[in-house]
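Q: The primary structure of each chain is shown beneath.
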Amino acid sequence: MWFLNFIPDSLLHEFIIIVLAAGAGLYVIGLLINFIPPLYPYKEMIRIVGTILMVAGVYGIGSYSTEMVWRARMEAAQAQVEKAQVESKAVNSKIKVKIVRQTKIIHDHQVVVRTQIQHDAAKIDANCKLDPAFIKDLNDAAKNPLSGAQ
Amino acid sequence: MNKLLTILLLITLVGCKTVPVTVAPPFPDAPETLRASCPDLVPVSDDTTKLSDALQVISKNYNQYYECKIKVDNWIEWYTMQKDIQDKIGKIK
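If you read the sequences in order, they're chains L and F. Using my numbering, the letters of the first sequence correspond one by one to residues 1 to 150. Using my numbering, the letters of the second sequence correspond one by one to residues 151 to 243.
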């Protein structure tokens, strides 16, 4: 019942109790009306109004209780979602830091290897001249066969 | 009158009717670094005659492979951790 959201909880609860109490009161008066002769002509009307108010009161109590239970559940769920969002951001930060650290290690290693190759270049190239077929085969091996494919 | 009251009071139980609500938190964004695709391997220049030059390119490609491996491994870790977090939310009753 969406409109219950716009009414203050305490006011709504008090109103429902008053309606239920008034209904029960009128119903009891309706039962005892034989002992109050001046009210006897209104017997049926009092009992009908009392019944209607009681029914409305019981319905109201049911709706109110359900509404409160759902509000509590929604608050708990919202709190869980907020907690999950915080945890999720923490995971992202942790992963970002890890990527930066690991990439730096890879990069540093690459620098060492490049320097090593430059240092050993004379020895490596001394007895070896590359055939163009080697370059072609190597590049073919490095080529991504999926590039351009759907 | 009492029967009518009983029936009416029973009807009022619809006031206790509940509607299930699904809690759907937004799916988290993965870090930008993970979302970039891995580059293609670098080819060796056709006019290269020195093995050391070719070795530099090969070494660079190895490096690229390990950088890409970092992405894939972290994607797996990111997904596993985020799924655990999302699964916890799904257990709210």
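If you are wondering where the hints come from, they were derived from the structure by calculation, not from laboratory data. Heads up, some of the hints might be wrong.
To be verified - Partner residues aside, some chain L positions facing chain F, computed with beta carbon under 10 Å:
#1 K89
#2 V100
#3 H109
#4 A121
Said to hold, decoys possible - Below, simulated PhoX-like cross-link-like pairs (lysine-lysine); rule was C-alpha separation at most 25 Å, straight line:
#5 K98/L <-> K200/F
#6 K104/L <-> K89/L
#7 K233/F <-> K94/L
#8 K129/L <-> K221/F
#9 K104/L <-> K219/F
#10 K219/F <-> K94/L
#11 K238/F <-> K83/L
#12 K210/F <-> K104/L
#13 K200/F <-> K96/L
#14 K96/L <-> K210/F
#15 K238/F <-> K96/L
#16 K153/F <-> K96/L
#17 K219/F <-> K143/L
#18 K200/F <-> K143/L
#19 K210/F <-> K129/L
#20 K89/L <-> K233/F
#21 K89/L <-> K221/F
#22 K200/F <-> K94/L
#23 K98/L <-> K221/F
Model, not experiment: these values are computed from the prediction. Cβ coordinates follow ideal geometry from the N, Cα and C atoms, glycine included.
Q: What hint numbers does the structure not satisfy?
A: 5, 8, 13, 16 and 22
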